[in-house]
Amino acid sequence: MADEAAEFEPKIVAFVCNWCAYAGADLAGTGRLKYASNVRVIKLPCTGRIDFHFILKAFERGADGVLVAGCHPGDCHYTSGNSHARRRWAIFRKLLEFAGVDLDRVTFAYVSAAEGAKWAEVVNSVTEKVRGLGPFAEYHHMNATAEGRSDS
Amino acid sequence: MSKELECRARELLAGGSVAAVIGYAEGAVPDAAAPVVITAPDEAERLVLSPFCYNNLAVYLTRPEIKKLGRVGVVAKDADIRAIFVLMQENQIAREDVHIIGVSISRLGDPSAECRVLPYKTHEELLGHLVKNVPPAELSAIEDVAQLEDADRTERWAYWQNEFSRCIRCYACRQVCPLCYCTSCIAEKNRPQWIETSAHERGNFAWNITRAFHLAGRCVGCGECERACPAGIPLMKLNRKMAKEVRDNFHGYVAGYAFEGEALFAGHRPDDPDDFFE
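In order, the protein sequences belong to chains A and B. For reference, each letter of the first sequence is one residue, going 1069 to 1220 in the working numbering. For reference, each letter of the second sequence is one residue, going 44 to 321 in the working numbering.
Bound conformation, chain A alone:
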């Protein structure tokens, strides 16, 4: 059992905006920063484009954690997409929590195009946080039932 826990590598999906967080991640790469490889990055035009269904779908496809990253307030390429999104997330995360989802599985972060180091830090901290929680067993169970597989 202890071995299994040690072997667990969390799958994390990151939804990032094109202008800030993605550029930040790019900078981390250009700067040859080393960080956890558990994150699969999905680039979107803006955090305002990130529908809450993306998060649910990530869990449906087996993610153990989700990271949503975009521009700092006032930095949005589209003026206010991030501010609209922030309002929605403030409420949506409370709904997830109420439904019984551990909020440590869903992380929100401001990462600017200049914050390559912060991107690396955020990814590392999210990975460690989710690793500590273990697999998202409850959702994996729903996935197995829905797909007619036996629960693994």
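Calculated directly from the structure, the hints in this document are not laboratory data. The beta-carbon is built from N, C-alpha and C at its ideal position, and this holds for glycine as well. Wrong hints could be hidden among the right ones.
[Stated by the list, open to error] Below, simulated EDC-like cross-link-like pairs (lysine to aspartate or glutamate); rule was C-alpha separation at most 16 Å, straight line:
#  : chain 1 : residue 1 : chain 2 : residue 2
1  : B       : K232      : A       : D1119
2  : B       : K110      : B       : D140
3  : B       : K111      : B       : D140
4  : B       : K280      : A       : D1172
5  : B       : K110      : B       : E139
6  : A       : K1197     : A       : D1172
7  : B       : K287      : B       : E167
8  : B       : K280      : B       : E168
9  : B       : K164      : B       : E47
10 : A       : K1079     : A       : D1172
11 : A       : K1186     : B       : E321
12 : B       : K280      : B       : E157
13 : A       : K1079     : A       : E1128
14 : A       : K1125     : B       : E239
15 : A       : K1125     : B       : E244
16 : B       : K287      : A       : E1165
17 : A       : K1102     : A       : E1196
18 : A       : K1197     : B       : E321
19 : B       : K46       : B       : E157
20 : B       : K164      : B       : D140
21 : B       : K120      : B       : E168
[What the hints assert, rightly or not] Derived CB-CB ranges, DEER-like:
#  : chain 1 : residue 1 : chain 2 : residue 2 : range
22 : B       : Q218      : A       : H1209     : 46 to 54 Å
23 : A       : G1200     : B       : D291      : 23 to 31 Å
24 : A       : K1197     : B       : E305      : 31 to 39 Å
Please build the complex by placing chain B on the supplied structure of chain A, with the hints as guidance.
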């Protein structure tokens, strides 16, 4: 029967200020009332006000067959008035296209109140009535929410899994909701399919979370979804939780107390909470 209501409807229809009045008529069985749309002054006598008037008739206002009639009158209880206000705020119906006939309904076992027509004629007067008689703060008496909030996370998960497991995806909750007015619902979209249509745990979770969140900051708490649910899922518990979070996070915002201005998620403020951001 209500002479007051009959007179008001007759007057509106005869004067030509509305093309139809949406109200309640005697139901098909005793002790029941059913929605009715009347278009002639003589039909006004069919209207009833009784403890069995439950439906939120605001749901019909966005239907194409009602909209094409032009200006309509609608019988509306307090929560229904709030729903109409949200529809106006979201530009789904024009202020001038609706004449709200505000009513107060006494439920069985509540002899203190009687079923009556409110004396107000304008939206402003009705808003004043709501603010005075149904203060926004009172709507957030939410003990059942607090109880579940305090429960262990795994208990909350188990609780909703159990409740959602009975969902048969009939979408009655959506159909009766005056604020679920999209002509093309995401639940029916399949390219891509965001919400699985199968009534398994995963599909039911996605649907019920979606319904709750799409009504966040908009739900006026009429309770029709829960009343319509054939599986008895406590949907209002989700709605009340959303209302509570909206109120606490966004400067005391309560849906349905304005018929103009910006809807909650159509705007933002620099001081919106962001303490959950890293």
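Okay, the hints, checked on the actual structure:
no., hint, in the structure
1, B:K232 to A:D1119, "15 Å, holds"
2, B:K110 to B:D140, "9 Å, holds"
3, B:K111 to B:D140, "11 Å, holds"
4, B:K280 to A:D1172, "23 Å, violated"
5, B:K110 to B:E139, "12 Å, holds"
6, A:K1197 to A:D1172, "7 Å, holds"
7, B:K287 to B:E167, "26 Å, violated"
8, B:K280 to B:E168, "31 Å, violated"
9, B:K164 to B:E47, "13 Å, holds"
10, A:K1079 to A:D1172, "14 Å, holds"
11, A:K1186 to B:E321, "10 Å, holds"
12, B:K280 to B:E157, "28 Å, violated"
13, A:K1079 to A:E1128, "12 Å, holds"
14, A:K1125 to B:E239, "10 Å, holds"
15, A:K1125 to B:E244, "14 Å, holds"
16, B:K287 to A:E1165, "14 Å, holds"
17, A:K1102 to A:E1196, "15 Å, holds"
18, A:K1197 to B:E321, "13 Å, holds"
19, B:K46 to B:E157, "14 Å, holds"
20, B:K164 to B:D140, "14 Å, holds"
21, B:K120 to B:E168, "14 Å, holds"
22, B:Q218 to A:H1209: 46 to 54 Å, "31 Å, violated"
23, A:G1200 to B:D291: 23 to 31 Å, "29 Å, holds"
24, A:K1197 to B:E305: 31 to 39 Å, "36 Å, holds"
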